[in-house]
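With chain A fixed as given, assemble chain B onto it according to the hints.
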Amino acid sequence: MAFAPKRPQKEINYEEVRIYTEEELHNYTEEELKNFKIKHDIPALEDLEKGPWPSFVADAKREALHRKKLAEGRTMVDKDVVDDLLGQLELSFNDGETHWKHGGIVGVFGYGGGVIGRYSDVPEKFPSVAHFHTLRVNQPASKFYKTGFLRALCDLWEYRGSGVFNMHGSTGDIILLGTTTEQLEPIFYDLTHELDQDLGGSGSNLRTPSCCIGKARCEFACIDTQDLCYELTMHYQDELHRPAFPYKFKIKVDGCPNGCVASIARSDFSLIGTWRDNIRIDQEAVKAYIAGEIKPNAGAHSGRDWGKFDIQKEVIDLCPTGCMAMEDGELKINNAECNRCMHCINVMPRALRPGTDTGVSILVGAKAPILEGAQLATLAVPFMKAEPPYDNIKELLEKIWEWWMEEGKNRERLGELIQRKGLPRFLEVIGVPAAPQMVKMPRTNPYIFWKEEDVPGGWKRDIKDYRMRHKR
Amino acid sequence: MEELKKIILEFAETSKKTKFYFKDLEKAVQAKMPDAKSREIKKAATELVNEGKLIYFSTGSTTMYGLKGRGITEDQ
Numbered sequence: 001m002a003f004a005p006k007r008p009q010k011e012i013n014y015e016e017v018r019i020y021t022e023e024e025l026h027n028y029t030e031e032e033l034k035n036f037k038i039k040h041d042i043p044a045l046e047d048l049e050k051g052p053w054p055s056f057v058a059d060a061k062r063e064a065l066h067r068k069k070l071a072e073g074r075t076m077v078d079k080d081v082v083d084d085l086l087g088q089l090e091l092s093f094n095d096g097e098t099h100w101k102h103g104g105i106v107g108v109f110g111y112g113g114g115v116i117g118r119y120s121d122v123p124e125k126f127p128s129v130a131h132f133h134t135l136r137v138n139q140p141a142s143k144f145y146k147t148g149f150l151r152a153l154c155d156l157w158e159y160r161g162s163g164v165f166n167m168h169g170s171t172g173d174i175i176l177l178g179t180t181t182e183q184l185e186p187i188f189y190d191l192t193h194e195l196d197q198d199l200g201g202s203g204s205n206l207r208t209p210s211c212c213i214g215k216a217r218c219e220f221a222c223i224d225t226q227d228l229c230y231e232l233t234m235h236y237q238d239e240l241h242r243p244a245f246p247y248k249f250k251i252k253v254d255g256c257p258n259g260c261v262a263s264i265a266r267s268d269f270s271l272i273g274t275w276r277d278n279i280r281i282d283q284e285a286v287k288a289y290i291a292g293e294i295k296p297n298a299g300a301h302s303g304r305d306w307g308k309f310d311i312q313k314e315v316i317d318l319c320p321t322g323c324m325a326m327e328d329g330e331l332k333i334n335n336a337e338c339n340r341c342m343h344c345i346n347v348m349p350r351a352l353r354p355g356t357d358t359g360v361s362i363l364v365g366a367k368a369p370i371l372e373g374a375q376l377a378t379l380a381v382p383f384m385k386a387e388p389p390y391d392n393i394k395e396l397l398e399k400i401w402e403w404w405m406e407e408g409k410n411r412e413r414l415g416e417l418i419q420r421k422g423l424p425r426f427l428e429v430i431g432v433p434a435a436p437q438m439v440k441m442p443r444t445n446p447y448i449f450w451k452e453e454d455v456p457g458g459w460k461r462d463i464k465d466y467r468m469r470h471k472r
Numbered sequence: 001m002e003e004l005k006k007i008i009l010e011f012a013e014t015s016k017k018t019k020f021y022f023k024d025l026e027k028a029v030q031a032k033m034p035d036a037k038s039r040e041i042k043k044a045a046t047e048l049v050n051e052g053k054l055i056y057f058s059t060g061s062t063t064m065y066g067l068k069g070r071g072i073t074e075d076q
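Residue numbers (this note's numbering), protein chains in the order written: chain A, 1 to 472; chain B, 1 to 76.
Only chain B is shown next, with the shape it has when bound in the complex:
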């Protein structure tokens, strides 16, 4: 789990886009850990949200993830 979280954070810090879909996150993790299951990746991402490291960004219809403090950081 810790390894997964580390890979997710690395991706969130370095990805070109500051907000990304779960699928992008999944691909980034599976590029480094091909056996990682999406359910486990989701659990790791949820833990990172609960730890305040990742944030959700929602348009209402779609939800994206982002690194707290990177890109849009205010309410808007």
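This is chain A alone, in the form it adopts within the complex:
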């Protein structure tokens, strides 16, 4: 389905919005860089440059030199902001503790998120990073960019900020690291009016939804992740920008159970593409894999000789539910037992493909270890169709929000609330019947409390009669 934007899309012409000339952008030589020293001694940080991997310290030094060589008035934030950033980090390395304070009353008008106040607690030593606020920019679905947009964003951030980015933060946003309070509104204006891009979520908001690369480039995608992510982002603008949740809430969309955005581990509301019919099998291609005519794993892991492909050892025996077998030269799959581990499909993508009756599995409650420790998501809805305008998904999401906003304590994530109130209560809220598969060990878990209405025929219990026979 062709992409249908909800509002006119602006084509960014870099030449029209650029701030710096080519000479300004390439204003130092590699020779100058070799001899360049920032204004603080940073031996601990420079040690990080010695390893085999590219170092952020080396990148930051380039940026420090670049800014130093720009003419006066060509940056709105101190030119030596990167020097002070590295200097403060060196101090933190030596002291073994941070020198950042975070939070405060900074933001852009009408938005309760997208800007996070950062302040140095040693501004007398590092005055250029005394105010060093972070902005989160809502990334496009699957992080597809045109170079013109990226160049324009780099120019804007060089001019009104530190020039230092984080591509991308773990929620998915582009993170602009370090600017002053005075620059926040001008940046927001330029970002929205010139670059047609919004701020992302922070604080007690819906955080910027994110998705895998989806049908744009991946044959495994069971759903149009980009469309769903865009729809949820646009539909829930109020939740994204005006905070009223007990705490953060993350939505991530994976196109298939391979889970390339790891929604199962990183989002309160995880949507994972799946199918409810059968895995499609091309028996001729299966034979071609067995005969060694097609490389397994699409040629990945080919750095060493693994020997001849052995379907029994490398696929059938590794199936976690044991639902595959070769019978009379044909691969058979007991689809009812398949738990969507994706291994067979990943190994033999030419022979096996997800089914065609596709939708999403919805899992809830994952989080990183802040209060109660890390937690993976719990399967709440095994299958739901996922077609525009996704009203069924929105209806479920809003039911969950309503309950969480009512029952959740301040700073309590959805997963923690479900733990506190119990999965049965959560299932009542969303109107989904309990299934044995939701309990890890149904026959040994003692924390199942039956209600009388759950049991056919109910029961009668006379506590006095019981106590006559069982003393306290």
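If you're looking for bench data, these hints aren't it; they were derived computationally from the structure. Treat the hints loosely; a few may be bogus.
[Claimed, not checked] Calculated cross-link-like contacts (lysine-lysine; reagent style DSS-like; alpha-carbon spacing at most 27 angstroms): (1) B:43 - A:409; (2) A:6 - B:43; (3) A:409 - B:5; (4) A:101 - B:32; (5) A:409 - B:16; (6) A:6 - B:23; (7) A:421 - B:5; (8) B:68 - B:27; (9) B:43 - A:399; (10) B:23 - A:295; (11) B:43 - A:394; (12) B:17 - A:101; (13) B:27 - A:399; (14) A:421 - B:6; (15) A:409 - B:32; (16) B:27 - A:421; (17) A:394 - B:37; (18) B:32 - A:394; (19) A:399 - B:23; (20) A:409 - B:23; (21) A:79 - B:27; (22) B:42 - A:409; (23) A:101 - B:68; (24) B:68 - A:394.
What you are looking at is a predicted structure, and each value in this text was computed from that prediction instead of being measured.
Showing chain B alone in chain A's frame:
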């Protein structure tokens, strides 16, 4: 809506803490208007932010509301 805004401002002016969670705001409003829905309370709070009477206070992970001019008023 005006009634909601009035109750919110009263709470913001008199609450013990100068910064409060949305949930605290909601409880304060519902103590006086039990039928008030959280969506309406949020709309009223948003209007007050847009009018410059309430401010957001964010730590990055959590967002709180406050009365402009009360408690921490500077950038820090």
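Hints, verified against the model:
At most 27 angstroms may separate the alpha-carbon atoms for a hinted pair to count; residue 43 of chain B and residue 409 of chain A meet this at roughly 21 angstroms. With a C-alpha separation of about 23 angstroms, the suggested pair residue 6 of chain A and residue 43 of chain B falls inside the 27 angstroms cut-off, and the hint holds. Straight-line distance between C-alpha atoms of residue 409 of chain A and residue 5 of chain B comes to about 24 angstroms, which keeps the hinted pair within the 27 angstroms bound. Restraint check for residue 101 of chain A and residue 32 of chain B: not satisfied, since their Cα atoms lie roughly 37 angstroms apart, outside the 27 angstroms limit.
Between residue 409 of chain A and residue 16 of chain B, the direct Cα distance comes to roughly 19 angstroms. Compliance with the 27 angstroms bound is thereby established for this hinted pair. Of the pairs offered as hints, the one joining residue 6 of chain A and residue 23 of chain B is violated, with about 32 angstroms between alpha carbons and a cut-off of 27 angstroms exceeded. A hinted pair counts as satisfied when its Cα atoms are at most 27 angstroms apart, and residue 421 of chain A with residue 5 of chain B does not qualify at roughly 33 angstroms. For the given pair, residue 68 of chain B sits about 20 angstroms from residue 27 of chain B by alpha-carbon distance, which is consistent with the 27 angstroms threshold.
Proposed proximity of residue 43 of chain B and residue 399 of chain A is supported: the alpha carbons are some 19 angstroms apart, at most 27 angstroms. Straight-line distance between C-alpha atoms of residue 23 of chain B and residue 295 of chain A comes to about 57 angstroms, which puts the hinted pair past the 27 angstroms bound. This hinted pair checks out: residue 43 of chain B and residue 394 of chain A have alpha carbons roughly 20 angstroms apart, not beyond 27 angstroms. A hinted pair counts as satisfied when its Cα atoms are at most 27 angstroms apart, and residue 17 of chain B with residue 101 of chain A qualifies at roughly 21 angstroms.
Of the pairs offered as hints, the one joining residue 27 of chain B and residue 399 of chain A holds, with about 20 angstroms between alpha carbons and a cut-off of 27 angstroms not exceeded. Taking the CA atoms of residue 421 of chain A and residue 6 of chain B, the gap is about 35 angstroms. The hint is violated against a cut of 27 angstroms. Distance restraint check for residue 409 of chain A and residue 32 of chain B: the Cα-Cα separation of roughly 21 angstroms lies within the 27 angstroms cut-off, and the hinted pair is therefore satisfied. Distance check on the hinted pair: residue 27 of chain B and residue 421 of chain A sit about 21 angstroms apart at the alpha-carbon level, within 27 angstroms; holds.
Proposed proximity of residue 394 of chain A and residue 37 of chain B is supported: the alpha carbons are some 20 angstroms apart, at most 27 angstroms. For the hint pairing residue 32 of chain B with residue 394 of chain A, the CA-to-CA distance comes to about 32 angstroms; that exceeds 27 angstroms, so the pair is violated. Proximity of residue 399 of chain A to residue 23 of chain B is assessed by CA-CA distance (about 18 angstroms); at most 27 angstroms being required, the pair is judged to hold. Restraint check for residue 409 of chain A and residue 23 of chain B: the C-alpha separation of about 8 angstroms stays at or below 27 angstroms, so the hint holds.
For the given pair, residue 79 of chain A sits about 48 angstroms from residue 27 of chain B by alpha-carbon distance, which is inconsistent with the 27 angstroms threshold. Our distance criterion of 27 angstroms between C-alpha atoms is met by residue 42 of chain B and residue 409 of chain A, whose separation comes to about 17 angstroms. Between the alpha carbons of residue 101 of chain A and residue 68 of chain B the distance comes to roughly 21 angstroms, so the proposed pair stays at or under 27 angstroms and holds. A threshold of 27 angstroms between alpha carbons decides the hint, and for residue 68 of chain B with residue 394 of chain A the separation of about 35 angstroms lies outside it, so the pair is violated.
The structure is inconsistent with the numbered hints 4, 6, 7, 10, 14, 18, 21 and 24, although it conforms to all the rest.
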